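This is what each chain is made of:
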Amino acid sequence: DAGITQSPRHKVTETGTPVTLRCHQTENHRYMYWYRQDPGHGLRLIHYSYGVKDTDKGEVSDGYSVSRSKTEDFLLTLESATSSQTSVYFCAISWDGGTGELFFGEGSRLTVL
Amino acid sequence: KNQVEQSPQSLIILEGKNCTLQCNYTVSPFSNLRWYKQDTGRGPVSLTIMTFSENTKSNGRYTATLDADTKQSSLHITASQLSDSASYICVVGPASNDYKLSFGAGTTVTVRA
Numbered sequence: 001d002a003g004i005t006q007s008p009r010h011k012v013t014e015t016g017t018p019v020t021l022r023c024h025q026t027e028n029h030r031y032m033y034w035y036r037q038d039p040g041h042g043l044r045l046i047h048y049s050y051g052v053k054d055t056d057k058g059e060v061s062d063g064y065s066v067s068r069s070k071t072e073d074f075l076l077t078l079e080s081a082t083s084s085q086t087s088v089y090f091c092a093i094s095w096d097g098g099t100g101e102l103f104f105g106e107g108s109r110l111t112v113l
Numbered sequence: 114k115n116q117v118e119q120s121p122q123s124l125i126i127l128e129g130k131n132c133t134l135q136c137n138y139t140v141s142p143f144s145n146l147r148w149y150k151q152d153t154g155r156g157p158v159s160l161t162i163m164t165f166s167e168n169t170k171s172n173g174r175y176t177a178t179l180d181a182d183t184k185q186s187s188l189h190i191t192a193s194q195l196s197d198s199a200s201y202i203c204v205v206g207p208a209s210n211d212y213k214l215s216f217g218a219g220t221t222v223t224v225r226a
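Going line by line, the protein sequences match chains D and U.
First residue of the first sequence: 1, per the working numbering; consecutive thereafter.
First residue of the second sequence: 114, per the working numbering; consecutive thereafter.
Hint data in this document are derived by calculation from the structure and do not stem from the laboratory.
No incorrect hints appear here.
Capping the alpha-carbon separation at 25 Å, the derived lysine-lysine pairs in DSS-like fashion look like this: (1) K213/U x K57/D; (2) K213/U x K70/D; (3) K57/D x K11/D; (4) K53/D x K70/D; (5) K130/U x K170/U; (6) K213/U x K170/U; (7) K57/D x K70/D; (8) K213/U x K53/D; (9) K170/U x K184/U.
Looking from chain U toward chain D, a few residues come up when the C-beta cut is under 8 Å (computed): (10) V117; (11) I162; (12) F216; (13) A218.
These figures come from a predicted structure and were not determined experimentally.
Glycine included, C-beta positions come from ideal geometry on N, C-alpha and C.
Sequences are here, hints too, so could you generate the full structure?
Here you go:
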């Protein structure tokens with residue numbers, strides 16, 4: 001299995017509180033991604049990173065921010081959580097942003113009450 | 114509108130039987146098409162990756178086919194096992210921006226003894 005660790009794996013929080021999800025990799029892959037997965041939808045890209053301090057928005061980036069200060073860590077922050085952000089969040093890594101294989105973490109289940 | 118449509122949404126098969134999952138896509142041009150397996154509560158795991166010039170690729174009892182002319186792909190599972198119970202996700206990588214993969218909503222396969 002690819003060395004990807006997501007934390008926390010489960011979190012329940014209240015509307016309006018800030019939340020940070022962490023993705024840690026030991027593979028030294030250049031590219032890191034945050035996706036959300038909701039019933040009836042395919043995985044949707046929130047933000048991605050193509051290097052330290054290099055990030056860009058995905059298709060559902062509103063309400064989310066990211067940071068990558070080290071190759072191994074990619075943080076996803078919800079500044080003020082809303083109930084619509086209740087979801088399962090997956091981190092993924094790849095060595096090649098083009099045709100490279102994508103390796104996923106085990107997911108972080110977030111519930112916003 | 115989702116550019117990757119999968120069918121059926123779910124299916125139930127008996128252990129030892131074969132089944133075929135379908136994926137239709139509108140992403141154009143595209144560089145690659147992938148199939149992932151996602152066990153309940155886990156992250157997706159890659160089964161196959163095909164470039165636009167490949168017609169078929171196998172991984173054990175899993176065989177993926179691709180018809181770029183009709184924009185269709187299929188995943189065939191041979192001699193199903195209980196461990197094949199999972200969601201199978203079709204993913205298309207656009208040629209213009211390979212970071213932003215398009216994910217299907219998945220087909221849930223249940224294998225019964």
